[in-house]
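Kindly produce the complete structure, drawing on both the sequences and the hints.
Protein chains: 2
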Amino acid sequence: MPVIPVNTPSATYNVTIAPNLLPTLHSRLRKLNPGKPFRPFIITSPNIWSLWSKPFLASFKEPPTVLFHPAGERHKRMASVESLAQQLSTAGADRDALLLAFGGGVIGDITGFLAAIYMRGIRYVQIPTTLLAQVDSSIGGKTGVNLATGKNLIGSFHHPQAVFADTDLLRTLPPAELRAGLQESIKAGVIYDAKLFRYMEQNAEAILSTKRNADPTPLAKVVAASVRVKAEVVSQDEKESGLRMILNFGHTIGHAIEAATNYKQLLHGEAVAWGSIAALSVAVARNTISEKDANRIANLILRYGPLPTFKATAEKLVSLTSRDKKNRSGIRSFILPTAIGKVEIVRNVTEPELLAATNAMLTLMRQR
Amino acid sequence: MPVIPVNTPSATYNVTIAPNLLPTLHSRLRKLNPGKPFRPFIITSPNIWSLWSKPFLASFKEPPTVLFHPAGERHKRMASVESLAQQLSTAGADRDALLLAFGGGVIGDITGFLAAIYMRGIRYVQIPTTLLAQVDSSIGGKTGVNLATGKNLIGSFHHPQAVFADTDLLRTLPPAELRAGLQESIKAGVIYDAKLFRYMEQNAEAILSTKRNADPTPLAKVVAASVRVKAEVVSQDEKESGLRMILNFGHTIGHAIEAATNYKQLLHGEAVAWGSIAALSVAVARNTISEKDANRIANLILRYGPLPTFKATAEKLVSLTSRDKKNRSGIRSFILPTAIGKVEIVRNVTEPELLAATNAMLTLMRQR
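Line by line, the protein sequences are chains E and R. All residue numbers for the first sequence refer to the working numbering, where the first residue is 2 and numbers rise by one. All residue numbers for the second sequence refer to the working numbering, where the first residue is 2 and numbers rise by one.
The list makes no distinction among identical chains, and a pair is therefore deemed to hold if it is satisfied within one copy or across any two copies.
Subject to a maximum C-alpha distance of 20 Å in a straight line, what follows is the list of computed SDA-like cross-link-like pairs (lysine to any residue):
| hint | residue 1 | residue 2 |
| --- | --- | --- |
| 1 | LYS317 | ALA92 |
| 2 | LYS240 | PRO10 |
| 3 | LYS240 | ASP97 |
| 4 | LYS37 | SER334 |
| 5 | LYS240 | GLN162 |
| 6 | LYS317 | THR91 |
| 7 | LYS317 | GLY93 |
| 8 | LYS37 | ARG333 |
| 9 | LYS240 | ALA12 |
| 10 | LYS196 | LEU209 |
Note that these hints are calculated values from the structure, not bench results.
Put into structure tokens, the structure is as follows:
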């Protein structure tokens, strides 16, 4: 059972990846705070809860209070946080409360943020149910909600006490969500782990198989390798002053696509996949990467598609990047791949370059 | 010019107290972040701005963007934070933005919280305009907003880079706000500084004088002494794991009074004053304080009144204390004075004790 540590100046915790974790949850949670009061509150979506409440509750003598929050990026807003906080307060949650985020990235981000600001900070645990949440968003302490003007513009750094990634949960994932999550694994390969990238090239069919009795090992291997990338990067640069920025590969244009389509049409991983293709275009035009490597990356991204199409002009998308959180005093940071497994952070990408790359990406999209 | 340091594990900064600070603001702010981009945004109330914008802007070549937020505890809500964040984002604020909280406690609390969560944390400076904000809420990094179920139930610890308390600003303060702020100074004396308490007993008339040409020294002395108490306590216990709790003297019932009157009828300092009288009652009933000292405290609180009356039953008020943030796993922490300048933290105050004390306070209120 892979147990991968995250070690940052402000927190140390483990990501545990294994099948059949849910039925042993209670004792795992108790071990996190030995001798302290145990006052768990579950935050989940109605859909996840209807599928998985039974194994989740199997180890609990007294079922914890359950608060529901709808899935979907458009519900990741301040009003939802306030409503959940109100429900916590009414249910008597105090500073000893322990929030359990049981769901995908939206549930994890909003629960983490709620834990960060409820009574100025309480504990929480991530129990991610989607691939994207297991390999990316549940790890690293970034929490937050969206504004109408952009994604995750409001938030806190607040680490979970632990992450429990039960790979059995991936069995009920819609195929599109599985594929979208795998885009973040491809990203992990591109930015940091050439071996993972190669493994995903060579085992695509086995990894993507959604048959119930398919061998889970290839997918579980990808999950563990992706978590390792995220955990190592975050451990080296908790607050994103340098290295951690590389995790944003594909996210500049990716976030713009999500904003332009009102967070409704594309899954996060799908938007990032298109954003990665645009970023590749910038790298190719600058000659920071060989055409051969660029093609391998683009092909792998498309292999794990299909990526949905959307309507937006390059001008609109580029103008939306001006609100990117990574910008400082108007200067954009941008992540460019230099080889499979290697990237660089540059601060001088110009608007004409971005426009050309975004247009190239849109042309590719229309051709398919 | 008193410059009082705050030294905590997560931040070190100064509180500067002096008349005529506003006209020199620009150079003071520039000195905080030498060599870094200077992108200030002012958060203030329309009323404060109409009175003081001229001296505030006197030292600025380019006037910063001004965002308005209405004063008043009932506007200290998540929706206001979201609206301000949206305005910041539209105005192009990024991680280099510096927020300037120019107003009373509500403006300070909401601006600090906005700074804590905008793009996961940006810098801010407190420029408090009320006595309450100068002596209490601008110092110590507690930021936050209210829920319908209680005060400050949502928030973060996020220290300002500096506090500039211009005592000239107190000249335009409505007399009721001056008196309400002085209740927090009385609290500072009761919990920590017998000398300040005595000074306030002996110089009440001079301190309370609102004549324009009145000697400002007595009031300025009280401000500096109160700030020193707050700064020392916060420096010793940043996150309120122990000592800092003593600042909550009078606040358990005080917060309940504010909630019961929908944050509309009483100023914060007035509610805390009534709450202090109730806490004194508990202390007298328990014999933790001599009747003589208890009377001196109650008399000083009433001397700096008049305290407005309100309608609420003791039962209602005590039931509202069950949501107090200081409670852990249902156990209330309560601050009891043991002498002038000394308090103790107890965890075994019972509901009947609280009811009796609250009834005694309500009886006193009705007699006046």
